[in-house]
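Asker: Chains as they are written, first to last, in the numbering used here: chain A, 1 to 94; chain B, 1001 to 1181; chain C, 2001 to 2390.
Where hints are given, some of them may not hold.
[Stated by the list, open to error] In silico DSBU-like pairs for lysine-lysine, Cα to Cα no more than 35 Å straight-line: (1) C:K2367 / B:K1088; (2) C:K2363 / C:K2345; (3) C:K2195 / B:K1060; (4) A:K11 / C:K2195; (5) B:K1056 / C:K2363; (6) B:K1063 / C:K2195; (7) C:K2345 / B:K1088.
Honestly, the hints are just simulated from the structure, not real lab data.
Chain residues, written in single-letter form:
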Amino acid sequence: MSDLAICAWQKLELGTAITSPGNAAELRTGDWKTLRPETDREKCIKCGLCSVYCPEFCISENEEGYYPADLFYCKGCGICANECPKQAISMIMD
Amino acid sequence: MWEIRLHGRGGQGAVTSAELLARAAIATGKFAQAFPSFGPERRGAPVQAFVRVDDKRILKREKIYEPDVVMVLDPTLLDVVNVAEGLKPEGIVVVNSSKSNQELKEKHKWPNVAAVNATRIAVDILSVPITNTTMIGALLKASGILRAEDMEEVILDRFGSKLGPKNFNALSKAFEVTSLN
Amino acid sequence: MTKAIGLEVSLAIAEAVKQANVDIVAAYPITPQTHIVEELSVYVANGELDAEYVPVESEHTAMSACVGSSAAGARTYTATAAQGLALMHEILYIASGMRLPIVMTVANRALSAPISIWNDHGDIMSERDIGWVQIFAENGQEAYDLTIAAFKIAEDHRVLLPVCVNVDGFILTHMIEPVLFIDQKKIDAFLPPFKPAMTLNPDKPVTMGPVGVPEVYMESRKQCEEAIMGSRQVVAEVFSQWGQSFGRDYKLIETNGQPRAKVLFVTMGSQGETTMTAVQDLSESGESVGQVRIRLWRPFPREEFLEAIAGAEELIVIDRALSPGVYNGPVAQEIKALLYEQPQKPKIHNVIAGLGGRDVTVKDFKKMYEMSRKNELDPNYTIWGVRSDA
């Protein structure tokens, strides 16, 4: 819930609707991880499976064709490392 | 106010009769109500329908317990239901029967009777033994609530150009041949 | 608006919905509401009504579809009764919480078990707290008029709440009686096209019905509470406009019989007319008796009700529903709570009458009056006419 909603009842939007679309993107979900993924570029074959499995949808292809995680959102769950067919991703202390 | 109770069997059109009477009365500028005895109806089971007609607004929403007129579509109901239950002392029983007014009056101790062989008329004119429109003719003749011609428009509207005129003819025939007592 | 025509009240309601030019009807047929939605589906099928008819597989889905269509900005209608209303239950709160001006006819019917298709107010009384504006019609003309007026109330930007019009099942829905229809042009002038305050629109995205965390939920409820409280004024305004436009004046609380009578019947719905006949007969035989009819049930018109009963010594409050385990029917509970803070309190007799389609007659009302005078009614509540061995 956005801070905007912490307001007097008169200021709430009609039916408590949220009128600023996509404001969930402002929420930093990656602020409590202990491990973060790191890709070994020697092993990575750029298959993109890590991005498919990422439950946060925070892994996307960059200009070089690799798949780094956006650490603003990454919770360090390690699913990408587990699913990587080449064991190219390792989870290291943040 | 006229309070009329209609007795028929499920499928014989008592509810339609009630509706047609009320609609015709309203079309002449009167106030009227028509309603069935609410609920699921089995074909052939005894059913009731109710009509009220008045010159002023009707402020009453209950079944009719003390009718001025009772109309019976099916003569076999007389052995099954006390159709005259609650009938007012000067009330009228309008009944589909081949018997005479006098005979019925004596047998059932009804105050006033208007009998008509509606089944005969319906079979002759409509080719089916459905008497609901025919019986309206007898009811109007016996009570004078409306004129027979007041029914024409709603009957044509309800039954269309093919069956409508036949139904109105059957009604008119019953109006013509029925007499009270 | 020339001459009254005789037709079944359900068909008059369907006509009203058609004339209100709805965009969506989403409904599941249930006795005794069926004729209304059947007729509407015919209008849609033959092109008389340019709307979408959504045939759904349950009332839960009917109300869900209504929520979606109203949120998208469509003028939306549905109708139901009894178990169907109960099946809608959780979505009814969503419609009001999201401030969606849906209009619904409730063809009031008893709740099972045992299975009853007949009239009482048990269905709507189980939904008293849904946050909808709730209106009761007494006859076919009112059912027609109030259905059209309901859209204007619901869509007023000071309200933006769903409205249900209660119509007694069978007693009204299946009654053939005279109704005056209003000319379409006059209705269009009275009820302009729906201007939603917020819609689901890809060009201007909004999230409707989000999570309300504890920090927000209470403010959200308060917003709805203010809206329904404020709707009382709007209902009164719309009724008054109706009177000016079409000559039939409606009030939140209606009265009948002698002003300032000692004994007043309090009724809701179609029983009001039968009571009028009893009140008239009793008045003619010299009794000081009158009648108060509650037209607007939610929000409850407190001031208007107090004004209507001022000076009365006794109230005979008729409830067409049982509220099991609390000694009084819902209407009597409401009135007793209301009177607690009043310096002058009339004595209250609560009569639960007409459950599950049991006929309540002019004679019954007269007998209630007689028993109240002799103090023979139970001081808590009397379940009227129930057979007993005791």
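Asker: The structure should be examined with respect to each hint, and the outcome stated for every one.
Answerer: Going through the hints against the structure:
1. C:K2367 / B:K1088: holds, 22 Å
2. C:K2363 / C:K2345: Holds: C:K2363 and C:K2345 sit about 28 Å apart, inside 35 Å.
3. C:K2195 / B:K1060: Cα-Cα ~41 Å, so violated.
4. A:K11 / C:K2195: holds, 21 Å
5. B:K1056 / C:K2363: holds, 21 Å
6. B:K1063 / C:K2195: Violated - the C-alpha atoms of C:K2195 and B:K1063 are around 45 Å apart, more than 35 Å.
7. C:K2345 / B:K1088: violated, 44 Å
When the structure is compared with the earlier hints, violations turn up for hints 3, 6 and 7 and for no others.
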